[in-house]
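Participant: Listed in order, the protein sequences are those of chains A and B.
If you count the first sequence from 1, you need to add 232 to reach my numbering.
If you count the second sequence from 1, you need to add 232 to reach my numbering.
Since the hints were made in silico from the structure, they are not lab data.
Careful: at least some of the hints might be erroneous.
One copy or any two copies: either way a pair holds, since identical chains are not told apart in the list.
Below 30 Å or equal to it, Euclidean Cα-Cα: the simulated DSBU-like pairs (lysine-lysine) are [claimed, not checked]:
1) K293 - K258
2) K428 - K560
3) K258 - K329
4) K258 - K397
5) K619 - K535
6) K329 - K578
7) K546 - K428
8) K293 - K619
9) K524 - K535
10) K293 - K535
11) K465 - K538
12) K293 - K538
13) K322 - K578
14) K281 - K524
Since we're looking at a predicted model, the values are computed, not measured.
There are 2 protein chains.
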Amino acid sequence: MVQSFSHLFSERARGMRASEIRELLKLTQRPEIISFAGGLPNPEAFPIKDIKNITDDLLTKRGPQVLQYGTTEGVTELREALAARLKRDKGIDGDLKNILITSGSQQGLDLFSKVFIDPHDIIIVSAPTYLGGTNAFASYQAQMESVPLDEQGMIPDLLEERLWKLHRHGKNSKMIYIIPTFQNPAGVTISESRRKKILDVVANLDMLVVEDDPYSELRFDGDDVRSMKALDKEDRVIYLGTFSKILAPGFRCAWLVASEEICQKLTVAKQSTDLCTNTFGQYVAYEYIARKMVDRHILLIRKMYKRKRDIMLKAFARYFPKGVTWTKPEGGMFAWVTTPPAVDTKVMFDQAIANNVAYVVGTAFYPMASGGRNSMRLNFTHPTDEKIEEGVKRLGSVIEAEIGATSGKRRGIQRQRNGIISGV
Amino acid sequence: MVQSFSHLFSERARGMRASEIRELLKLTQRPEIISFAGGLPNPEAFPIKDIKNITDDLLTKRGPQVLQYGTTEGVTELREALAARLKRDKGIDGDLKNILITSGSQQGLDLFSKVFIDPHDIIIVSAPTYLGGTNAFASYQAQMESVPLDEQGMIPDLLEERLWKLHRHGKNSKMIYIIPTFQNPAGVTISESRRKKILDVVANLDMLVVEDDPYSELRFDGDDVRSMKALDKEDRVIYLGTFSKILAPGFRCAWLVASEEICQKLTVAKQSTDLCTNTFGQYVAYEYIARKMVDRHILLIRKMYKRKRDIMLKAFARYFPKGVTWTKPEGGMFAWVTTPPAVDTKVMFDQAIANNVAYVVGTAFYPMASGGRNSMRLNFTHPTDEKIEEGVKRLGSVIEAEIGATSGKRRGIQRQRNGIISGV
Chain A
233 MVQSFSHLFS
243 ERARGMRASE
253 IRELLKLTQR
263 PEIISFAGGL
273 PNPEAFPIKD
283 IKNITDDLLT
293 KRGPQVLQYG
303 TTEGVTELRE
313 ALAARLKRDK
323 GIDGDLKNIL
333 ITSGSQQGLD
343 LFSKVFIDPH
353 DIIIVSAPTY
363 LGGTNAFASY
373 QAQMESVPLD
383 EQGMIPDLLE
393 ERLWKLHRHG
403 KNSKMIYIIP
413 TFQNPAGVTI
423 SESRRKKILD
433 VVANLDMLVV
443 EDDPYSELRF
453 DGDDVRSMKA
463 LDKEDRVIYL
473 GTFSKILAPG
483 FRCAWLVASE
493 EICQKLTVAK
503 QSTDLCTNTF
513 GQYVAYEYIA
523 RKMVDRHILL
533 IRKMYKRKRD
543 IMLKAFARYF
553 PKGVTWTKPE
563 GGMFAWVTTP
573 PAVDTKVMFD
583 QAIANNVAYV
593 VGTAFYPMAS
603 GGRNSMRLNF
613 THPTDEKIEE
623 GVKRLGSVIE
633 AEIGATSGKR
643 RGIQRQRNGI
653 ISGV
Chain B
233 MVQSFSHLFS
243 ERARGMRASE
253 IRELLKLTQR
263 PEIISFAGGL
273 PNPEAFPIKD
283 IKNITDDLLT
293 KRGPQVLQYG
303 TTEGVTELRE
313 ALAARLKRDK
323 GIDGDLKNIL
333 ITSGSQQGLD
343 LFSKVFIDPH
353 DIIIVSAPTY
363 LGGTNAFASY
373 QAQMESVPLD
383 EQGMIPDLLE
393 ERLWKLHRHG
403 KNSKMIYIIP
413 TFQNPAGVTI
423 SESRRKKILD
433 VVANLDMLVV
443 EDDPYSELRF
453 DGDDVRSMKA
463 LDKEDRVIYL
473 GTFSKILAPG
483 FRCAWLVASE
493 EICQKLTVAK
503 QSTDLCTNTF
513 GQYVAYEYIA
523 RKMVDRHILL
533 IRKMYKRKRD
543 IMLKAFARYF
553 PKGVTWTKPE
563 GGMFAWVTTP
573 PAVDTKVMFD
583 QAIANNVAYV
593 VGTAFYPMAS
603 GGRNSMRLNF
613 THPTDEKIEE
623 GVKRLGSVIE
633 AEIGATSGKR
643 RGIQRQRNGI
653 ISGV
């Protein structure tokens with residue numbers, strides 16, 4: 233007899249829910265659907281030939297080493313190469329004792345949560361924000377508080393206001409989670425002055441910063457903005473970087489940079505979590521840097537993704553009805569589209585699927601259910617150029633029909649605050 | 233100014249300690265030392281040529297797929313192949329909905345802990361037991377209670393006695409963690425009748441069983457014993473298997489089998505932990521099964537490890553002084569050696585290192601510090617044949633000297649209970 237053992241679940245597990253987004257994504261898998269819903273790099277951006285040369289050499293010359301268990305901290309050569317690269321490109325100081333290899337940045341978020349979050353701890357996030365971050369925090373029973381974004385990213389004044397309000401109610405947050413550059417989902421970038429202001433605000437309240445930076449190497453226009461970790465003088469920032477967008481996600485190879493104290497604790501936590509990140513992928517990533525393939529290849533990725541972003545933004549202008557607005561990301565993988573308030577993108581989703589086009593509904597990115605009702609995230613890196621144009625065209629028609637259907641039905645629709653992205 | 237943020241650590245993180253074993257292992261890395269301390273497969277057992285053929289083909293024919301993100305559950309083809317193999321070889325029933333790919337079995341232990349352990353929950357383990365298991369449980373603030381082993385593994389009567397004693401004190405355990413076959417560290421195997429008895433005992437108390445089975449395919453002598461999962465009629469057993477010992481650990485590719493309900497919850501937990509196991513390694517593992525390389529290769533590994541075990545056991549008989557006893561593992565990777573009670577293997581460790589031989593002290597495998605003082609774990613799979621012989625010879629001299637040095641100093645030494653492994 234098959235029994236249920238759900239009564240034995242831990243309290244944290246009882247709160248875990250299968251992601252709504254995940255269920256929606258299943259609907260978008262049909263081949264006739266043009267999907268802007270995923271968050272995948274384009275497979276044409278994978279340096280397959282380089283990888284093949286590397287794996288051949290590694291297996292021929294270093295097989296016993298690259299197939300064996302490795303240390304929990306990660307392959308030393310890879311960490312050294314990353315330290316040099318972070319110094320050169322990002323102005324981030326750090327050596328071996330500050331760098332931990334993780335099984336994707338998602339593991340960085342999990343380890344960080346395991347080491348810092350007690351049940352009911354408050355984590356500050358952006359609204360909207362990356363679901364994988366909030367899922368990790370929630371899995372350790374954190375409470376999320378969100379601060380709105382505008383075109384320049386998180387708004388420091390609103391952050392400060394929120395934190396002091398919490399403080400007055402006897403609640404203090406341990407940390408803030410930020411994707412400062414080409415944010416997922418909104419595509420916006422926090423300016424350097426705002427980054428400094430945010431660091432000042434959190435320093436006053438003795439908070440930590442998790443800087444999740446998967447996209448900054450995918451810049452198409454404009455100037456680099458210094459990372460928060462480079463601006464950080466107190467080791468208050470834990471920086472997360474990844475090979476998923478500059479090499480390939482299939483190796484699950486990422487890294488984090490933190491103070492020695494924090495790095496050591498995260499390493500102990502990682503040891504009981506998966507012993508070590510897959511050694512093979514780490515050596516591939518190392519060779520990819522050591523053979524100077526990475527910089528050359530990033531230029532190719534940038535060129536491809538810039539073209540795709542341009543096609544998408546041009547198609548928005550051409551096919552979207554009046555009243556629809558969108559962010560203009562200078563890099564990364566996503567644009568964020570806001571429809572007139574009468575449209576509910578969740579209601580509209582069925583129509584989109586019926587018209588063979590898909591997106592992620594905005595509400596999915598608001599852990600507090602505080603917004604996103606008339607927004608959606610669109611990925612421009614994965615579809616082919618032709619499908620981007622055609623998909624936006626289809627979506628334009630769907631939005632137009634939905635605006636028509638909802639005109640007059642403005643009951644209960646909240647007004648938008650000026651400049652705030654998809655705010656309520 | 234670099235600050236300390238240890239005051240922000242979670243309660244669970246405050247209890248995390250760097251593994252003592254890990255610090256000891258660092259001492260054993262010097263090339264002149266013959267180390268029996270690690271738990272590594274022999275790199276000569278890695279099917280490097282097969283892997284090279286597979287990776288070449290995969291990158292040539294399926295590059296975009298094997299380098300992309302995968303589903304959290306794992307690559308479908310791999311899970312199907314595992315289901316068929318588990319049915320054929322182990323009599324374990326299960327299909328896609330029962331199998332989750334994990335980033336090493338260690339991740340299975342972590343996910344299981346995350347989903348089932350609340351702080352202060354009681355987990356039953358063997359004494360001695362695998363440190364990676366107890367570390368995972370402890371990282372979620374479990375309490376461990378241990379039950380002694382003898383040459384046939386965990387003793388069901390003592391398990392029952394312990395559980396009812398806890399029960400009378402109002403304490404109930406949710407689960408028991410067992411490595412039934414070629415246990416790490418003791419090398420012993422639980423007989424089928426004992427497995428059934430253990431399942432009866434835990435069913436009466438509505439407990440779950442985590443069956444960790446990394447070694448059963450490495451049998452050198454004797455007959456297979458049915459896995460607890462195959463004997464389980466109530467989906468009470470979560471079964472963990474791994475490619476680390478039959479392919480290579482460097483891919484961090486393992487699997488678990490559980491009821492659909494439990495599998496779903498573990499999948500949700502995994503999603504926020506690392507999104508998915510590295511896709512590349514999963515496809516390599518799949519091809520390794522699909523091309524029928526695995527069964528042929530396991531025969532080679534068995535042959536190699538049997539030879540090494542034989543050399544080690546023969547050397548024990550030849551070089552160890554009177555009063556030293558050891559287990560006779562029919563497979564796996566470890567033997568467990570018990571010296572006369574006057575010897576403290578931790579005290580002796582410095583002498584061993586000075587004589588260029590290393591082991592893991594027995595106490596490391598007793599989370600409750602309840603035993604192992606005059607025991608040690610020896611790995612026979614990693615050293616070369618010559619080094620096994622020479623290392624045991626050195627160790628024999630070290631033990632002999634230690635017995636001489638401690639003779640007469642028997643104050644405070646506890647008597648051994650008959651048959652119990654390294655009991656106190």
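Participant: Run the structure past the numbered hints and jot down the numbers of the failing ones, going up.
Facilitator: Violated hints: 4, 7, 11 and 13; rest satisfied.
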